[in-house]
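Engineer: Spelled out from the first residue to the last, the chains are:
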Amino acid sequence: MDKVMTMAEAVSRFVPDGATVALGTALEPLIPFAAGHELIRQGRRDLELVGPISDALFDQLIGAGCVRRITAAWVGNVSEGLGHCYRRAAEKGVPRSIEIYDHTNFSISLALWAAAWNVPSLPARTLLGSDIVGTNPNIAVADGLAHIKAVRPDVAVVHVQRADAMGRAHAWGPLGITEEAGLAAERVVITCEELVEAGVILSDPNRILFPETKVVAVVHQPGGAHPSPVQGYFKRDHEFFRDYAAESRTAEGFGAWLRRWVQDVPDRTEYMKRIDAATLRVKGKQLSAPANFADE
Amino acid sequence: MDKVMTMAEAVSRFVPDGATVALGTALEPLIPFAAGHELIRQGRRDLELVGPISDALFDQLIGAGCVRRITAAWVGNVSEGLGHCYRRAAEKGVPRSIEIYDHTNFSISLALWAAAWNVPSLPARTLLGSDIVGTNPNIAVADGLAHIKAVRPDVAVVHVQRADAMGRAHAWGPLGITEEAGLAAERVVITCEELVEAGVILSDPNRILFPETKVVAVVHQPGGAHPSPVQGYFKRDHEFFRDYAAESRTAEGFGAWLRRWVQDVPDRTEYMKRIDAATLRVKGKQLSAPANFADE
Amino acid sequence: MVAIASREIRDGDLVFVGMRLPILAYAVARNNHAPNARGLFEVGLMRDQPASNFLGTMGDPPNVVGALWATRMSNTMALMAQGLVDLGFIGGAEVDRFGNLNTSYVGSPAAPEVKLPGSGGGADIAILSKRWVTLMNHERRRLVDRVSFITSPGHGDGSAGWRKRNGLLGGGPAAIVTTLCVFRFPDGGGEAYLDSIHPGHTFDEVRANTGWALDAAEDVKQTVAPNPSELAVIRRLQNTDGATTAV
Amino acid sequence: MVAIASREIRDGDLVFVGMRLPILAYAVARNNHAPNARGLFEVGLMRDQPASNFLGTMGDPPNVVGALWATRMSNTMALMAQGLVDLGFIGGAEVDRFGNLNTSYVGSPAAPEVKLPGSGGGADIAILSKRWVTLMNHERRRLVDRVSFITSPGHGDGSAGWRKRNGLLGGGPAAIVTTLCVFRFPDGGGEAYLDSIHPGHTFDEVRANTGWALDAAEDVKQTVAPNPSELAVIRRLQNTDGATTAV
Chain A
192 MDKVMTMAEA
202 VSRFVPDGAT
212 VALGTALEPL
222 IPFAAGHELI
232 RQGRRDLELV
242 GPISDALFDQ
252 LIGAGCVRRI
262 TAAWVGNVSE
272 GLGHCYRRAA
282 EKGVPRSIEI
292 YDHTNFSISL
302 ALWAAAWNVP
312 SLPARTLLGS
322 DIVGTNPNIA
332 VADGLAHIKA
342 VRPDVAVVHV
352 QRADAMGRAH
362 AWGPLGITEE
372 AGLAAERVVI
382 TCEELVEAGV
392 ILSDPNRILF
402 PETKVVAVVH
412 QPGGAHPSPV
422 QGYFKRDHEF
432 FRDYAAESRT
442 AEGFGAWLRR
452 WVQDVPDRTE
462 YMKRIDAATL
472 RVKGKQLSAP
482 ANFADE
Chain B
192 MDKVMTMAEA
202 VSRFVPDGAT
212 VALGTALEPL
222 IPFAAGHELI
232 RQGRRDLELV
242 GPISDALFDQ
252 LIGAGCVRRI
262 TAAWVGNVSE
272 GLGHCYRRAA
282 EKGVPRSIEI
292 YDHTNFSISL
302 ALWAAAWNVP
312 SLPARTLLGS
322 DIVGTNPNIA
332 VADGLAHIKA
342 VRPDVAVVHV
352 QRADAMGRAH
362 AWGPLGITEE
372 AGLAAERVVI
382 TCEELVEAGV
392 ILSDPNRILF
402 PETKVVAVVH
412 QPGGAHPSPV
422 QGYFKRDHEF
432 FRDYAAESRT
442 AEGFGAWLRR
452 WVQDVPDRTE
462 YMKRIDAATL
472 RVKGKQLSAP
482 ANFADE
Chain C
48 MVAIASREIR
58 DGDLVFVGMR
68 LPILAYAVAR
78 NNHAPNARGL
88 FEVGLMRDQP
98 ASNFLGTMGD
108 PPNVVGALWA
118 TRMSNTMALM
128 AQGLVDLGFI
138 GGAEVDRFGN
148 LNTSYVGSPA
158 APEVKLPGSG
168 GGADIAILSK
178 RWVTLMNHER
188 RRLVDRVSFI
198 TSPGHGDGSA
208 GWRKRNGLLG
218 GGPAAIVTTL
228 CVFRFPDGGG
238 EAYLDSIHPG
248 HTFDEVRANT
258 GWALDAAEDV
268 KQTVAPNPSE
278 LAVIRRLQNT
288 DGATTAV
Chain D
48 MVAIASREIR
58 DGDLVFVGMR
68 LPILAYAVAR
78 NNHAPNARGL
88 FEVGLMRDQP
98 ASNFLGTMGD
108 PPNVVGALWA
118 TRMSNTMALM
128 AQGLVDLGFI
138 GGAEVDRFGN
148 LNTSYVGSPA
158 APEVKLPGSG
168 GGADIAILSK
178 RWVTLMNHER
188 RRLVDRVSFI
198 TSPGHGDGSA
208 GWRKRNGLLG
218 GGPAAIVTTL
228 CVFRFPDGGG
238 EAYLDSIHPG
248 HTFDEVRANT
258 GWALDAAEDV
268 KQTVAPNPSE
278 LAVIRRLQNT
288 DGATTAV
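Protein chains in written order, with the working numbering: chain A, 192 to 487; chain B, 192 to 487; chain C, 48 to 294; chain D, 48 to 294.
All clues given are correct.
Simulated pairs of lysine-lysine, DSSO-like, Cα-Cα distance not exceeding 27 Å:
(1) K476(B) with K464(B)
(2) K211(D) with K340(A)
(3) K476(A) with K476(B)
(4) K177(C) with K340(A)
FYI, nobody ran anything at the bench for these hints, they're computed from the structure.
As the structure is a computational prediction, the values presented were derived from the model and not from experiment.
Work the whole structure out from these sequences, hints included.
Structural biologist: So, in structure tokens, the structure goes:
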């Protein structure tokens, strides 16, 4: 089944108000900023965001008032530090108050594995002695182990290097918690740098991230992860993160940033014209050695 | 550190009597028969074998008297049926009696994940209502879930398509429980079809199975998985499995088979001369599409 | 037997295929009434079409060519544990009238008369898939009143709601397809009933070869014979498939 | 600070590196006294040499080129949970005299004065790595008597054996390296003691900027200044690294 659609359609059909959404599952790279910005443009509300660390994207969604709850290990701006929108929401309830379910990177991964294997919780050796245990109702300590309740996202939005129209996706580089997020989620929305023939993807079934049965939408969105990096396609736009950190220090500054980069931008195609894509694009080639899948 | 050595050295140094050994972790393909036969030649004793299904290799090690305990989901001959040596050992104590810790495919995987994450056990929805729970002391049912105790192999022996001298291994095709077996094991012994330059392996770090810090030996052993298949290298030798099933029906028949194919064969190089490798070898090429890992 | 088993596969099903005859049954269904059925293999594969070369096992190289996913076994089990596998196939040495399978021990586990290979993924499929079917040569020693060891649970002791009470996720056995007939189970479990007898076979023949008491039921249907297109697929594959003739 | 931190890395160590300064510290160690040290990154990477281009984050493309393993985060955590990570680095907003770090909340979690980003992998490293080091700008507001919220546990309440009693796997903090000095901990835990003061700084300066009482200790060493080869690596990387100057 052909699952190709626009970002606007994918987001409106598969990420309703109140949904639990996994984003930024590969940590610093492959963050689906384009999908996040479309969520903001469509005025999505009461989302629960699930992720490990989230390099500025969670901060933006919080600042735009889309978020009801954060279930994550870290929310901020990795190269710059604090997330100012996150601070305003948590400290002053601006633009709205949010619920925070703290995790560690390991525990959020295990929470997703618990959902993937459909068990109520998984045990772990982490979190012992940390006050996080007391603030997250989904984590308990018993018998000398932390027990981490399953987290099942309604949808995981994952940006990858390439996918086919049926939703079979290839991603490479470090993958963080992407695999467990996709397996745990009810459904997966793929955004990709390249939309390729099925033959390209099926030539390497080991690199396919998820069973196609989980994937409900494929959005061809080159640069959809900017300013985060995409191995082989885009470098990280460090200055963009730095500027965002500076401009989002005040609610007014964030508002201006949001208008300039999200609300006044109709879509990602237009957005890409406003950044220096040429400089950020990876020009070199360092190709993986082929694997021979022949059977005779 | 260069970890290349002969099979004889790898087996004698890293698989002592009494060891818990994971073998055949990819299920039907990539079974390390060459390593198993060297264990038999060296007269290894009191091993605990860990695996999901084990297509004839476990049966051979049991028949040769190397085995004290089986921790597996299935022991037999996949295309032919029963394992006759397994039957003789379990039913008559011939050549010796063995302990059997029954698992399911899912539960043996979880037992290894428990060891990989260093927790005492993992919960699962499988095994409920099965009498396996009553016969395996490492599985218990409580709170409506099965709890599967960690299984930590002393060593996992894994056959792969290619590896470098440092022990970084690429394998492709279905991988069964190979990843968790390698992570759970104290150490990993790699046997490979091709020994390649580090650059070939590092060109695709996503295809590397294990951290090199787990790998203690690399054995260059083309055909080391025969009669099991190796994607891109060898077809499955169905007749060989059929003949083994027929000849191993009696203890005498198995003894003759063992002399012919193991005891009277000095090493794998000689063994390969005795099979029709030319017919079994894969000649075609169906290469995976390259992934670009460039950063600029 | 293959054609009949193939009809248990509905279009769009995700099928936990397993080995041998079910591989043929998937091929028949996929080429006839279920063009959108996908196959999931515990070795770590998903496919939307049968392999184009002969398979001695599910892990043979032809089953990887064109696969939709080559992964870890635990990921295929994850889908089944989430209730996403519509149908599973399980082979067995012994089945009883409640659909329980024994593939572990004939006689006591401590001192077995026959040590069978074990569960493999059988128990996982029996417990986790939405519904499953077992294929069996119809012999009195295989269709027994009660199995001595439950490897893969069907409806347990046959009491109503046994699976729910014991926390089993899936619905359990939907049918026992034998060389003579098809048994089915009432909704919610219980005892197998004779649903249809294959053409050319009789009720007395079935009763004589079944290890539990069958009361003559007037409403037993005749199994619909394989149609030409089903047979065509079976013949084509059997030509290249030694294993099936053995079964 | 970087050079001093780098000396905590021993040759052959598997180091859970983290971000920013520790990335530099790994590079310094790897190019000097610890040629066989490997870096593990929770994003899902293992390396045996520093990246050759600037990293704004551990997940930047240059850190993947030449990596020994690109995998899932949970696999890097598995190695640490097995006690195979020799040394970890953790950044923090606040550290107390028992080595506990707070990166979560200043003030009450219900109504925080400052919401900090959170644990990330910090708590995992603090609990599971064999030993760890934290780097901190030496400010009175950062080196506090007791943190109000323990995100990443050091030696807890400072009582002997606190980590063992609470089931923490790793040995806990080995040192607090600041812009003024190095604090260390007695074996088995307890309170940080002043081990050495960096050249050009004084005990009074350290005491004035530390949030817990320091008794003048005669045996405080002077920190060994960075040697030329350490400085060479730092200068080379800083030229391409804006982030470090910010810290």
